[in-house]
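Q: Note that the protein sequences, when read in sequence, are chains A and B.
Take the first sequence: its letter number 102 is residue 102 in my numbering, and every next letter is one higher.
Take the second sequence: its letter number 403 is residue 513 in my numbering, and every next letter is one higher.
By construction, these hints were calculated from the structure, which means they are not laboratory data.
Please read these numbers as outputs of a predicted model, since none were measured by experiment.
Where a beta carbon is used, it is the ideal one built from N, C-alpha and C, also for glycine.
Hints may be right or wrong, so weigh each one.
Stretch by stretch, here's where chain B covers chain A in the computed footprint (C-beta under 8 Å, at least three residues) [unchecked claim]:
#, stretch
1, 70-84
2, 102-110
Straight-line alpha carbon distances no greater than 25 Å define the calculated DSS-like cross-link-like pairs of lysine-lysine that follow [what the hints assert, rightly or not]:
#, chain 1, residue 1, chain 2, residue 2
3, A, LYS109, B, LYS563
4, B, LYS486, B, LYS556
5, A, LYS77, A, LYS63
6, B, LYS506, B, LYS562
7, A, LYS44, A, LYS63
8, A, LYS28, A, LYS63
9, B, LYS506, B, LYS556
10, A, LYS44, B, LYS219
11, A, LYS44, B, LYS225
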Amino acid sequence: MASRAPVATGRLLLGVRKWYYSLCGFNKIGLMRDDTILEDSDVKEALRRIPETQYNDRMFRIKRALDLSMKQQILPKDQWTKYEEDERYLTPYLEEVIRERQEMEEWMKR
Amino acid sequence: MKGIRGISQLSTRLYAAQAARKRRFHVAARTGQSLAQPLAGLKLSPGAAHSLKDIHVTRLPSGLVIASLENYSPASKIGVFVKAGCRYETPDNQGVTHLLRLASNLTTKGASSFKICHGVEAVGGSLSVTSSRENMIYTVDCLRDDVDTVMEYLINVTTAPEFRPWEVSDLTPRVKMDKAQAAQSAQIGVIEGLHEAAYKNALCNSLYCPTHMVGNIQSGHLHQFVQNNFTSARMALVGLGVDHTVLKQVGEQFLNIRSGTGTTGAKAQYRGGEIRLPSLSSLVHSAVVSESAAASTSEALAFSVLQHLLGAGLHVKRGSCASSKLVQGVAKATADPFDVSAFNSSYSDSGLFGIYTISQPAVAGDVIRAALAEVKAVADGGVTAADLTRAKAQLKGQFLMSLETSEGLLEAMGTQALVEGSYCSAEEVSKNIDNVSLTDVANAAKKFVTGKKTMASSGNLIKTPFVDEI
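Model the full structure from these sequences, guided by the hints.
A: What follows is the structure, encoded as structure tokens:
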């Protein structure tokens, strides 16, 4: 990807991403991106499938964020979720769920 | 004559005509010629290497055994037989075979659960799993032309299942349903209890998941069991209505991912015990057995003849079982409704033989003692040659009739391929049955009478004796 383009462009894009991440602000109350996904039926099914440890961590983070939001506070800066640590834990399961649903719809169309 | 018969049988004969391209049967044109023999004076084209009715068995270098019979039927049946029955369960994964039985439609590496189910149904086929104490059998039936499609699903299910954790935990209600249905049947309860009481290991494992493991079998257990037991040397690929070369190709390419013999099962140790399952049922089911012989020995054949000699079920519906010694003997002991038959099952390294009685609670003891007295009479030499001939004929009849259905034939081919790596023809088996002598049968009965007994009873057990009281 960045073989011919100057390294500076790659670093620029990364900088933009990080800036946008902190602008979103959910990392300030200790959430990860996948904690904030809107829970439609696909996401609910994916949540049913994730391992128990990850589900418990998610619940803890959401509870903590709700508590902070009620108190109108944010976490101290050293406890904010860092861009590098943000793990897309739900995305593989979600993609699988969507793929299965599409296969079913393809089949039903025939 | 030829023309009229030919047209009415056109649809059925089309398959035979298509498949038997190398031969032509002018059936109506020849009279007095047996249809079971090839026609005399027929010039065969050089490609026809084997005759119609042969069962071909090959053993591949990886240990996989391939058996097939081209029966020119419009429907094909393919089975994968694996030595992975519940005897190979270890104490920490009891019940894993029950879940494996239910897991045949789960997502695999090549196809999702949805695709397997709808794909098989779309061609009008069916995929099923049967498991016994020794083997696990995955069978797929379909029309002859759709063999490739369903074969792909079969190979996926047997060699590359993924056992996703959420799909495995979704099987728990089905396990509970199976157990609830099994609990309805007194026979299943008695037979499972009998094996539990008779053996210390291996064969004492139940076909059903034990209650403490329901919901506790994880995806990891299933993976490990498949890893250890579904190896090429313990599998056989059997087909009815498929070409042998096609099966060989499939076996070489796809069924050799796990080589070796896997973990060897422990040798079954007979211990002889008793188990009583009280219930509110109005009938008492009771089985009294002793150790018999392993399946491939001639002693096992003697036990089978003995089983038919004593009486192994009705031959005439609602008849009086006049030929069953057990029934006639017990009829003298009680006027209440009862049923009694000889119980015989053989496994690869052991077997159980005895009697199974169903009686009213008040006379359970009398019925059991009368039945055992009949067996003792056989052991003491009270068998005539006519009885023996009758028993042999009944055994042969039962065996040959079991080969009449495609399921029975597939199972016979598969279990023989798995255990021996070859197929013993029906004629050979009939000959072996004929060679069983009176002394063999009497010795078998003596072995039962003198052997350490195992007993399993269920029902209202107030008047049922214990194993040391019979």
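Q: When you check the alpha-carbon spacing of LYS44(A) and LYS63(A), does it fall within 25 Å?
A: Cα-Cα ~18 Å, so holds.
Q: Taking a Cβ-Cβ distance under 8 Å as contact, does the stretch 102-110 of chain A have three or more residues in contact with chain B?
A: holds (count 3)
Q: Is the hinted pair LYS77(A) and LYS63(A) satisfied, with a Cα-Cα distance of at most 25 Å?
A: Measuring from Cα to Cα gives roughly 19 Å; hence the hint holds.
Q: Hey, LYS28(A) versus LYS63(A), does the alpha-carbon distance stay inside 25 Å?
A: holds (14 Å)
Q: Does LYS219(B) lie within 25 Å of LYS44(A) when you go C-alpha to C-alpha?
A: holds (24 Å)
Q: Verify the coverage statement for the stretch 70-84 of chain A against chain B, using a C-beta to C-beta distance below 8 Å and requiring 3 or more qualifying residues.
A: violated (count 0)
Q: Next pair to validate is LYS506(B) with LYS556(B); report whether the Cα-Cα distance is within 25 Å.
A: holds (23 Å)
Q: Does LYS225(B) sit within 25 Å of LYS44(A), going by the straight-line distance between their CA atoms?
A: Distance of about 22 Å is within 25 Å: holds.
Q: Under the criterion that the straight-line Cα-Cα distance not exceed 25 Å, is the pair LYS109(A), LYS563(B) satisfied?
A: Judged against 25 Å, a Cα distance of about 63 Å means the pair is violated.
Q: Is the hinted pair LYS486(B) and LYS556(B) satisfied, with a Cα-Cα distance of at most 25 Å?
A: Given that 25 Å is the threshold and the Cα spacing comes to 7 Å, the pair holds.
Q: Checking one constraint from the list: CA of LYS506(B) to CA of LYS562(B), max 25 Å. Satisfied?
A: Given pair LYS506(B), LYS562(B) is violated - Cα atoms ~30 Å apart, limit 25 Å.
In terms of the numbered hints stated before, the structure departs from hints 1, 3, 6, listed from lowest to highest.
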